[in-house]
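Here the protein sequences come in this chain order: Z and P.
Basically our numbering = 1-based index in the first sequence + 1.
Basically our numbering = 1-based index in the second sequence + 280.
Please note that the accuracy of each hint is not assured.
[What the hints assert, rightly or not] A short, non-exhaustive set of chain P residues, derived as facing chain Z with CB atoms under 10 Å:
#1 R339
#2 R347
#3 A420
#4 P437
[Claimed, not checked] So these bits of chain P aren't anywhere near chain Z, every CB distance computed over 12 Å:
#5 A291
#6 G353
#7 D365
None of these hints come from the bench; they were simulated from the model.
No residue lacks a Cβ here, since even glycine has one placed at the ideal position from N, Cα and C.
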Amino acid sequence: MSHTDPVILALRALGETAGLPGDAEHAETCALCRAELARLTEVVRLARDEGAKERLETPPPQVWDRIAAAVGAGQPPAVPALNGTSAPAARDAGKRQGSRARWPRGRLATGLAGLAAGLIIGIGGAAGIVQLTKAPATRVVAQIELSPLPQFPQWQDAAGTAVMRATASQQLMVVTLRVPRKPGFYEVWLLARDGVSMISLGDLNASHTGTFIIPPGTNLRNYSRIDVSLQPFDGSTQHSKTSVVRGSLSASALDGGATSSH
Amino acid sequence: MDYSSDEDVTAAFSGGQPDALTLVYERFGPLVYSIALRSLGARPDAEDVTQQAFVSAWRSRDTFDRRRGTLGGWLVTITRNKVADALRERQRDSRVLLQVAGGAAVTAPEATSDRVVDRIVLADELAQLPESQRLVMVLAFYSDLTHEKIAHVLGLPLGTVKSHIRRGLQRLRSRLEADGVAH
Chain Z
2 MSHTDPVILA
12 LRALGETAGL
22 PGDAEHAETC
32 ALCRAELARL
42 TEVVRLARDE
52 GAKERLETPP
62 PQVWDRIAAA
72 VGAGQPPAVP
82 ALNGTSAPAA
92 RDAGKRQGSR
102 ARWPRGRLAT
112 GLAGLAAGLI
122 IGIGGAAGIV
132 QLTKAPATRV
142 VAQIELSPLP
152 QFPQWQDAAG
162 TAVMRATASQ
172 QLMVVTLRVP
182 RKPGFYEVWL
192 LARDGVSMIS
202 LGDLNASHTG
212 TFIIPPGTNL
222 RNYSRIDVSL
232 QPFDGSTQHS
242 KTSVVRGSLS
252 ASALDGGATS
262 SH
Chain P
281 MDYSSDEDVT
291 AAFSGGQPDA
301 LTLVYERFGP
311 LVYSIALRSL
321 GARPDAEDVT
331 QQAFVSAWRS
341 RDTFDRRRGT
351 LGGWLVTITR
361 NKVADALRER
371 QRDSRVLLQV
381 AGGAAVTAPE
391 ATSDRVVDRI
401 VLADELAQLP
411 ESQRLVMVLA
421 FYSDLTHEKI
431 AHVLGLPLGT
441 VKSHIRRGLQ
451 RLRSRLEADG
461 VAH
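The task is simple: from the sequences and hints, build the whole structure.
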């Protein structure tokens, strides 16, 4: 007897009842077909695994910079993570997102709309930086290195970046911080020139990253410094006076894209 | 099966071409980073491991033998080694903390399961499929649609959908057998 049609094996692996009754019988008695079906079924099981949210994430741009610096390679990737490379990763994220919900068969249109939405939501589900770069017409206005202050020697190993992005309607700040995990939480502030006034942008997540909307109308010429503090869980909304890292918006960044500055 | 682009990347890498690392990073950066991120949780740690893995891969590129395995599989192995190093370092740190604090047990981080790595490899290969085939596979895996319904929904001939599914599954399986760890 000839072996089971590979198409039928593939469809059976997916859980479809494809083929004639004889196919099922053959696939069970023939060692070769049985093994092939088992291997394909394992792929399907792996893909449909409910336990995890595996998805591809694109490393943030600074990773390549550090690799290039370490090996002495000069050029950044021809397709930097901010556009090309992130696309498949983001799309893939969408697929995983889509997999959370199974669509009833009677709702094809909804299902497809859901798939499209999933692709978009998935982008949002990936790293913040991917989310922002895939949002319509955002552009990088400034990239600011955040460094520890000399008066806080305990933070000398901390480092961070703040990437400011602008869309037509708003400005966003993506902050990533490289610090040890400490009791408390990290909060991001904009500091005014007087050294007293400040605006709280919000808290960093457990991975020490955060995406914040800069309040519309903020005069960034005045609030030109970015500060990250370690805040104790004491209920106070005030800056703890423990600054972990700090950086300044450059004048060119302000001229280049600070649409909300006055 | 179309592995041409991976083969190009592998050839450039083996040949030590100056821009090869760029190509390798573009192709496999998300794979390495995702495994590291899933294994370590914290993004800064995953970034460190990603950096270490690619720097180490580049410096030891002479030891890579394309006849003995795929570049993807080699990178997965390097990544797992770097992840293991990072986890050991963490464990050391927490032991020190434990001594200092003299108290509560610190649970050792668990190594990434083989299954998790395989799922990420699978996600990576899915992302490499041509758009129309990828969509067919995504619907076949996640939508509960039969292949006839998929053909109907996507407006594709039934034969095309069948062939996408058969080749797609086989391609995913081959990639898992080459680069995965649970097989």
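query = If you check each hint against the structure, which ones fail?
reply = 2, 4
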